[in-house]
Amino acid sequence: MDSVPFAFCLSVVHNLPAYASDLYRRYVQSDSNLGNLLRLTSPIWREAVLSLSKDENDDKAKYRVMSYITIYPGEERGMCFCEIREDTLGFSKNATMKDIESSRFLRSGDIWFVDGPPRREEFEHITLEEAFIQLVIPFSAHGVDFRIREDQFFFIDVLSNLHKHQLVFPTVDLQYQSSEIYGKVETELNNFLTFQIEQGYLKNVYAPNRPGIPFSIPNEVFQKLLRQPQLKATTDFPTTFSKEAFEDLVARWKNSSTNCDHESLMFDDNLDHEDLRRMGFKEVTRHKKLCRFIRTVGLGSLISSYRWYRMDSRKYRLSVVFSTVTRKGHIRTYINKQP
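Mapped onto the working numbering, the consecutive letters of the sequence shown carry residue numbers 17 to 355.
One should not assume that every hint holds.
[Stated by the list, open to error] In the BS3-like style, the derived pairs of lysine-lysine whose C-alpha atoms are separated by at most 27 Å in a straight line are:
#	residue 1	residue 2
1	K200	K180
2	K259	K200
3	K248	K114
4	K180	K259
5	K219	K114
6	K298	K344
7	K298	K259
8	K270	K259
9	K331	K298
10	K114	K200
11	K270	K200
12	K180	K353
13	K240	K270
14	K240	K353
15	K219	K248
16	K180	K109
17	K200	K240
18	K270	K180
19	K353	K331
20	K240	K259
21	K344	K259
In case anyone wonders, no lab produced these hints; they're calculated from the structure. Please read these numbers as outputs of a predicted model, since none were measured by experiment.
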């Protein structure tokens, strides 16, 4: 075979980094799409990638890159305004529905659902169903971001369409939600999140960044997500990071040393210093001996309750920080300095 089938070319193109910054990273995660492409050894595979790269370098790019699409409520229920932004040559600019119909875009991009009036009157005004068929389905490769604070009917219509099309996302962002809107769409949003977790594809989950969102999803559903190997990043996760889920994460990290970033976690009360040492962590809390002495003499309230731990692989460092009082903390991966 002396040529590459179009379907294969397209699959390679779809796995190219969608953000220009990804192409210039000094270190590449081993499990990333770019990392996989860099390991291609067969000439017939490599030529497909090099051909696309040459077209881009010669300003003959055959494919355009979607950046993000923002969908606002329309003038009446069932309609919506759409802001379309592309990032083909590293510069964000507006695109139109005509551009999408007449050009080839990579299946990249984020979808933002935002209530309130659109920023400009000239945004595309189409039905929500059309928006899903022409924009959401093809251009939600990176994930979906809900920024709906008040319009419960728009939120319900969005969730209904997501359910109808059974869409699965690697990233779900709920940071801008409030307890008020959650109470109005609780059933629909719970069903959406449960479905996403059951599919086992969620890599990044960003919960509301304010306390008091009363998620009514059973704790065992969230624990199931925490133990799924593809999960990479969370913020303000709505349930305690169980000791069992943490041990699973550490075991996976020892085998692959992949990236993970879990912010504003609540650690299990049963997780203690001896558990971390048993797993292979080293305590690196500053002045730890002095801190232990101060706690011993009953003056622990005068010092920070946070303790730092780390575990090293050849290239990466797994860092764990948590408070022995509040149990709040985070888990992060860092790149070790290269010799």
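These are the hints, each one checked on the structure:
1. K200 with K180: 20 Å, holds
2. K259 with K200: 33 Å, violated
3. K248 with K114: 36 Å, violated
4. K180 with K259: 36 Å, violated
5. K219 with K114: The hint is violated at about 33 Å.
6. K298 with K344: With Cα atoms ~19 Å apart, K298 and K344 stay inside 27 Å; holds.
7. K298 with K259: Holds: K298 and K259 sit about 18 Å apart, inside 27 Å.
8. K270 with K259: 17 Å, holds
9. K331 with K298: OK: K331 and K298 at ~17 Å, within 27 Å.
10. K114 with K200: 36 Å, violated
11. K270 with K200: 43 Å, violated
12. K180 with K353: Violated, at roughly 48 Å.
13. K240 with K270: This hinted pair holds, its Cα atoms lying about 20 Å apart.
14. K240 with K353: 34 Å, violated
15. K219 with K248: 5 Å, holds
16. K180 with K109: 31 Å, violated
17. K200 with K240: 26 Å, holds
18. K270 with K180: 40 Å, violated
19. K353 with K331: 8 Å, holds
20. K240 with K259: 13 Å, holds
21. K344 with K259: Measuring from Cα to Cα gives roughly 14 Å; hence the hint holds.
In the structure shown, a violation is registered for the earlier hints numbered 2, 3, 4, 5, 10, 11, 12, 14, 16 and 18, in ascending order.
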